[in-house]
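Protein chains: 2
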Amino acid sequence: MDLDALTHTSGEWLRATGPDSDIVMSSRIRLARNLADYPFPNRASDAVRADIEQLLRGEIAKSPAGKKLQYVQIDALETLDRQFLVERQLISRELSENHGQRGVGISPEENVSLMVNEEDHLRMQVLRSGFALEECWRDIDAIDDAIESSVTYAFSEQFGYLTACPTNVGTGIRVSVLLHLPGLVMTKEIQKVFQALQKIGLAVRGLYGEGSQAMGDFYQISNQATLGKGEEQIIKTIKDVIPNILAYERKVRTTLVQENRQNLHDQVSRALGNLKHARQISSEETMHLLSSVRMGINLGLIHDLEIPTLNELFIHTQPAHLQKLRHERMETAERNAARADYIRQRLTVPPSTN
Amino acid sequence: MDLDALTHTSGEWLRATGPDSDIVMSSRIRLARNLADYPFPNRASDAVRADIEQLLRGEIAKSPAGKKLQYVQIDALETLDRQFLVERQLISRELSENHGQRGVGISPEENVSLMVNEEDHLRMQVLRSGFALEECWRDIDAIDDAIESSVTYAFSEQFGYLTACPTNVGTGIRVSVLLHLPGLVMTKEIQKVFQALQKIGLAVRGLYGEGSQAMGDFYQISNQATLGKGEEQIIKTIKDVIPNILAYERKVRTTLVQENRQNLHDQVSRALGNLKHARQISSEETMHLLSSVRMGINLGLIHDLEIPTLNELFIHTQPAHLQKLRHERMETAERNAARADYIRQRLTVPPSTN
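Residue numbers (the working numbering), protein chains in the order written: chain A, 1 to 354; chain B, 1 to 354.
Check the hints yourself; a few may be wrong.
What the hints assert, rightly or not - Chain B is faced by these chain A residues, among others (derived, beta-carbon under 10 Å):
1) Pro39
2) Gln233
3) Lys236
4) Gln262
5) Asn263
6) His265
7) Leu272
8) Leu275
9) Ser283
10) Thr332
Worth flagging that the hints you see were computed from the coordinates, not collected in a lab.
As the structure is a prediction and not an experimental result, all values here were calculated from the model.
Note that the Cβ used here is the ideal one computed from N, Cα and C, for glycine as well.
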């Protein structure tokens, strides 16, 4: 896979074409699976890890979905390229930072990624733009079935799929939806949402998953428990609760526009002005301003700019992307200048038509 | 004089054509004079004020300079129009807020204004763009001589010209230079300048003179004493000290650009971005941002924008100007929106060629 070629593109899941994509950035389902005959990666020697990697790489290549995937040997990549894949959400931080032989199979649309020797032997992930959990489930279930038909997963009649960390035992499923909730953040209603979600066993995380800060008003809602419920039931819990959050976010946005249109218009327009004129800008400020502009577009306060462009900018302004775009290593100050240049260039040319 | 016609124009002194106009916005000299045979305005009855006004209006009309002046009866104007003339620096706050019959003769270029029944019977003012005190003095001295040839001024052999307030007795002269000193403000060196000026008997005031706040990094430097020194000597004191301040401001600007070009470029560029994108903006923030942009143009960090446009915006975004432009009375919130609209419109069309 030519990683450099990816720098100017963006994954299918950023195209903002899916349902409710004004608020739902993406839907994602990942499954954690392990081979029955091998120790978990954290217990495996380098030689055993190499065996696992070779075996699963072969199985992926043979599977129907795998035929379209490009396989990237993660341990052969430089730090910058690994970070680049993390920023695109194609691999996890865990896979990037792990040691030993490991890899990932990535679909050309960047919506399927199968990670080998992450925390578990196999982590399969399907991403979709917008609110599309059923499609994610259909795709990942097919991929899982195909691989399971030729390997023996570690499975217990009592517990279900066995995983390196007990939090994934059972279904091994993590269902998550990435939401853009600037209205609830602005009106400070977001805490109520978090409390309600916690009560039904759902977790709230930032853009880059576990332990990451909630930047740019993005929140990942996902299931905590993987045990004691079937996959469909876990998906249904999230699928049922999300529309309530969407309705809540839309309601506060409408109220904000009705009661304070001028203030809101001023804020989103100035955010765009700062993005278009900054000569140096941090990643954090970028996320914050892009978030305002994204809401401004959705509320019809900003024209001549498209959501996919904004979605791309969230990813393309991350450190590794900037450095790959410039083909050079850069320190923070240089990145802040390069980021400002890139944003200015992207926002002052006519929006792309795709 | 058609005040409405003025709303879209700006005075000669804003054209930034004079010497050192990167830093010196304008030079101004005013003379305070009183008629020998009448009490000072604050001691005069309404009937006597009316007599004074009629007499001086006639004298102004007869004088060589007066033939070109348009005379405006201030007491016949609405509050908004009076405020409008204050904002353009054509009349003082005192003349605007005084009572009884009073007026002002204004030259078409808006660089001469002769106020009748201000604190004194006659206040004569000449404004010039840039650092041009000698030209101001030549013009105002000629106007003063012409009027003095046909009226008798209150004059004491011992003290000189007599005035309503003792601070103006003697020469009745106030010499002032309006400086834009963003570099000295940013580097916090400005206090040193103030202290040095105070030691040589010069006062520092804001854009609108006595009691006004220093907004947008504008400072008026003027003489305190009018007694005990001749006019030329007072002018010379200011004329000699200003080049030192200009050199100081230019030095800190150069240092700022050399040592912190990126930060400075970011700051001035974002200031322009906010001006171009705001949907509501206060007068104070406007001054602050325009000040940054003005410095950015002078330092070559901002292109495609001319200093006269900026100078005009400082005046045209004042409350009365905005209301006259819109032909309606507006509360603060409405003005903040109108101001943002006006600025956006002025900064997004190509700069005027005059």
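Results of checking the hints against the structure:
no., hint, in the structure
1, Pro39, "violated, 52 Å"
2, Gln233, "violated, 47 Å"
3, Lys236, "violated, 43 Å"
4, Gln262, "holds, 6 Å"
5, Asn263, "holds, 7 Å"
6, His265, "holds, 4 Å"
7, Leu272, "holds, 6 Å"
8, Leu275, "holds, 8 Å"
9, Ser283, "violated, 15 Å"
10, Thr332, "violated, 12 Å"
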